[in-house]
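So the chains spell out like this:
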Amino acid sequence: MSSIAEKLAKNQKEISVSEFFEKNRQILGFDSMSKSLIMGVKEAVDNSLDACEEASIPPEIFVQIDKVDNNEYTVIVEDNGPGIVKRQIPNVFGRLLYGSRFHSLRQSRGQQGIGISATVMYGQITTGKPSHVQSKVDKEETAWGMDIIVDTKKNRPETKREEPFIWEGKEHGTRIEFTIKGRYITGRQSIFEYLKNTAIVNPHARIAFIDPDGRRVVFDRATEALPPVPREIKPHPQGIELGTLMNMAKSTGEKKLSNFLKNDFNRISDRVAKEIIDKASERLGKDLSSNKNPANLDITETKALHEAIDKVKIMAPPTDCLSPIGEELIKKGLKHVLDEARPEYYAPPVTRSPSVAQGNPFIAECGIVYGGELPKDSQVTILRFANRVPLLYQQGACVVTKAIENIDWRRYGLEQRGGKGIPYGPAIILVHVASTKVPFTSEAKEAIANLEEIQGEIDLALRACARKLKGHLNKAEKRKKTRAKFEIVQDIIPQIAAKSAAIVGKDVPNLSRTITKIMNVVWIDSKVENGGKAKRVSINIYNYTGKQQSFKVHTLIPRAAMNDSIISEHLVEAEEGKVTWEFRKVPSTGTMTVDFDLVGEMADVFDPEDLYISGINPTIVMGADPLPGDWNIKGIKVIEDEEPEEQDEDEDDEPDYDEEGEVLEDDE
Amino acid sequence: MTNERHQETIERLHGVAEDIYDQLDKGQIPKMSIPLRTKTNIEFDPKKSVWKYGKNVGARSAKKIKGAKMLLRTLFMVEFIQEMISSERSSTLREMYYISEGWGDGKFNSQDESNLLAEDLEIVSKCMREDFKLRPEEDGARVIGDMTLIETDRKGKRKRINCRDDVGDSGYGIPYNVEGEKIELLESNAKFVIAIETGGMFDRLVENGFDESNDALLVHLKGQPARSTRRFIKRLNNELGLPVVVFTDGDPWSFRIFASVAYGAIKTAHISEYLATPTAEFVGITATDILNYDLPTDKLTDMDVRALQSELNDPRFKDHFWRSEIEAMLKMNKKAEQQALAKYGLDFVTDKYLPEKLTEMGLL
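Taken in order, these protein sequences are the chains called A and B. Each step along the first sequence adds one to the number in my numbering, with nothing skipped, and position 117 is 117. Each step along the second sequence adds one to the number in my numbering, with nothing skipped, and position 148 is 1148.
Honestly, the hints are just simulated from the structure, not real lab data. Where hints are given, some of them may not hold.
Listed next, with one range per pair, are the computed distances between beta-carbon atoms [said to hold, decoys possible]:
id : chain 1 : residue 1 : chain 2 : residue 2 : range
1  : B       : 1099      : A       : 590       : 51 to 57 Å
2  : A       : 408       : B       : 1302      : 44 to 50 Å
3  : B       : 1019      : A       : 381       : 52 to 58 Å
4  : A       : 33        : B       : 1302      : 51 to 57 Å
5  : B       : 1303      : A       : 381       : 54 to 60 Å
6  : B       : 1019      : A       : 494       : 15 to 21 Å
7  : B       : 1033      : A       : 550       : 37 to 43 Å
8  : B       : 1126      : A       : 373       : 50 to 56 Å
9  : A       : 187       : B       : 1312      : 40 to 46 Å
10 : A       : 408       : B       : 1312      : 57 to 63 Å
11 : B       : 1238      : A       : 481       : 47 to 53 Å
12 : A       : 373       : B       : 1312      : 46 to 52 Å
Covered stretches of chain A (in silico footprint by chain B; criterion: 3 or more residues with CB under 8 Å from a CB of chain B, positions within the stretch not fixed) [unchecked claim]:
id : segment
13 : 271–284
14 : 479–493
Keeping only pairs whose Cα atoms sit at most 30 Å apart, straight-line, the calculated BS3-like set for lysine-lysine is [unchecked claim]:
id : chain 1 : residue 1 : chain 2 : residue 2
15 : A       : 480       : B       : 1157
16 : A       : 478       : B       : 1039
17 : A       : 480       : B       : 1063
On a predicted model such as this, the values are computed, not experimentally measured, just so you know. Glycine is no exception: its CB is placed at the ideal position from the N, C-alpha and C atoms.
Whole structure, please, built from the sequences with the hints as guidance.
Here is the structure:
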């Protein structure tokens, strides 16, 4: 027996991480030919974006894919990041689990330092070719080029060739070229889709792409503003796992329990630390000293601390460690990339306040795009993002999908069988989860794990956004009805008048009384037209009531887009993006118009439906809502109790002849 | 048509346009009141013995987009008809539908819409479609039997036609206009008129020589009879004093065919006194026939059942005979075609069924 054990012992040895991943490549997402190619591009692009942002450089990413032969492709990804110093190049690209971000709690795309070196490894395994890396650091004379492979036995890089060179026209940046086995496909899970979605959530990046057929696509930058660099933070105590707490206690440099709590965690003050220790003592039934060395805590004590943390009120984690995309930029990113589908509505995106899951702060945000040329009869498109990285696979396993499926979308104007599951309709739902550590279901980072806190926040964000969608749909329905009336008075009544006058041989009568009787509203209509660099906005007022009317119109305009063209005789004030016009004594059947231009990149954030009125009974106004109470505009008195307009004197009880829809089938 | 009648029509149409003009001139929302053309709004007129529209009136108002467009179409149609009358032209309803392509917002969405509007215009102007120079695409049906008439043909020639001797096997074709200036009914040796729903049964009676053996005038209804067919039957009844019987399938739709011949159709209740023959009688197939003659049947479809139930609420079917027939049919849940009589041979209908039924009715 012992000889067998001896024999086995000879084969029992440590296997290196690289070897482990080589044998289990599906864990990293390299599990099919088409997916492998996407993974390779994704890892390189994620790294490039992270590097640029850390160095506060507006990213310019270039991606090219060339076909070598049937199942072999060469991928080139080049950025304008800060570059990598020569001695670190091999480690970054040729060693797994080597990275700058693994030990920090900060929002970034890459986390473990596996991705790009795994790609290098996958390339060398499947094609036998090393990856070629070029990098140049700013102010250095020369750039360095290297051929790199991973020594999988040792998990160490092996540099096959290195040489300095002059990189013409490049101040700084990195370029990687690797050849891997894969398949290039188009469609929903394609490199194009991945880059497009990346462009949506990274509106500050410019991404150029050349596909294997030589077609070139550029996703241009939608904004010059870089997202703030996320701050590194310590773990937030709430939701931390017991095991993690134990490990931290064992390895801390602090010698006193109170200091350990205060200094190794986020948002714990002296007072809170004391409170936690007191609560833990209560649970233990004995005093836990705040001077105790945390390394000496036993399991029951740690457990008591862990439970105590849950009972104590702790401030939410700080927001500056996270970089949500933000409501304006989500809208902008979506508009920038999706406008060719001419969606009829971009629901104002919702960014929730930060929350905590498993000790890591996170933010959920979402946006909904509706209508236009989006397909009506299929399931809605779900765009999932984690730390600004598109998630293309494992949709069914993701908390985002779960949250969407659990909402009854029928209440918000989408179709859904039985009020559960993925809804149907012409819509795109975008959800972004930003966190210092996104809890993925696997190393391949394809789906976000189903944590209750995260699902709850996504749910709240989605519902807030969906309510706006519903509001829009209601408004659109109302507008449609009013537009029909508009058509009556603008087109049909004048034709009826002209035709009847021609038949009886008299002059065309004055129609204003008839028209005001049919409409009996003040109609406010706003249009946005693209004219060169600026967007031309016109707001038209039609007084289709029988009386002269005076009132104010308010709207929200992105401050950066506003300029002097806003000035007109009607303008009352334009402060902090809130603009007010006054229209005085608009005669019955009279119209008034204000025109202005919006310029700059924030111009397309303006929503022409965001119109409010004051100083008039809102029930006789179409196309604008009563001014909400929180506008705080001086001198506004919202009149709610005005006498209702007089009814038509010829209002009749006769049924509508054309609506009596009985089938008259008893005749020829 | 006489000039006087032309003038009358033009003036009445003028009145329709003037009414709309005056409403606009007074600052009102233009509308047109029209009797509701529904089965809940037909009443029996005891003087004329036919069913006419009641007092319920609907408004076609420019307040709504559909109403506004219909008013605009009405004006285009008025203008179009006035032009046709003054230039002595005529058009089919279908041609008018296509002509409306040039009417901008007044363009019709479907031909049903233009047909219905033509009838609306008859109602409000108290004219007839024939006065408007509008005709349906299809002519009326066929007639065979010993009856003589004079038709003024398209060249203005008066032709004397005997509907048994001067016609081929398909009989005399009823034109769309059967008014006096077009057709003069002279004389008939027939004792009664039998109006038949299906072409198959009409041909059977012709082949079996039923017209001669029983002194009958055969009229093919061709399903729901066209206005000209009903008007023609009415004139045969009025002017030549011929009793009328109606012979149809035994199903809910055939009951309605009889009702439109005898009582007046809902859709044309404004001119029931021109079109309906109140003394017309129903031969069959009745629900009772299906039982008595043990006829081959089909099950009622859902649509059939709904149609029968709707007939129970139709004032025209409110007498004892129809109530019991409709209820019996609903109860047995079966219907039968008139040609089902062929179960007993090709001659059964002419040798046995019709003689029995007509004797019962006192016609033979």
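A quick look at each hint next to the structure:
1. 1099(B) - 590(A): 51 to 57 Å: violated (39 Å)
2. 408(A) - 1302(B): 44 to 50 Å: This hint is violated: roughly 34 Å between Cβ atoms.
3. 1019(B) - 381(A): 52 to 58 Å: holds (55 Å)
4. 33(A) - 1302(B): 51 to 57 Å: Roughly 56 Å apart at Cβ, these two residues keep to the hinted range, so it holds.
5. 1303(B) - 381(A): 54 to 60 Å: violated (42 Å)
6. 1019(B) - 494(A): 15 to 21 Å: With Cβ atoms ~18 Å apart, the hint holds.
7. 1033(B) - 550(A): 37 to 43 Å: Once the Cβ atoms are compared, 39 Å apart, the range 37 to 43 Å for residue 550(A) and residue 1033(B) holds.
8. 1126(B) - 373(A): 50 to 56 Å: Since residue 1126(B) and residue 373(A) have Cβ atoms about 52 Å apart, the given range 50 to 56 Å holds.
9. 187(A) - 1312(B): 40 to 46 Å: violated (59 Å)
10. 408(A) - 1312(B): 57 to 63 Å: About 43 Å separates the Cβ atoms of residue 408(A) and residue 1312(B), which means 57 to 63 Å is violated.
11. 1238(B) - 481(A): 47 to 53 Å: holds (52 Å)
12. 373(A) - 1312(B): 46 to 52 Å: holds (51 Å)
13. 271–284: Since three or more residues must qualify, the claim that chain B covers the segment 271–284 of chain A is violated, with 0 doing so at under 8 Å.
14. 479–493: holds (count 7)
15. 480(A) - 1157(B): Violated - the C-alpha atoms of residue 1157(B) and residue 480(A) are around 59 Å apart, more than 30 Å.
16. 478(A) - 1039(B): violated (34 Å)
17. 480(A) - 1063(B): Holds - the C-alpha atoms of residue 1063(B) and residue 480(A) are around 15 Å apart, at most 30 Å.
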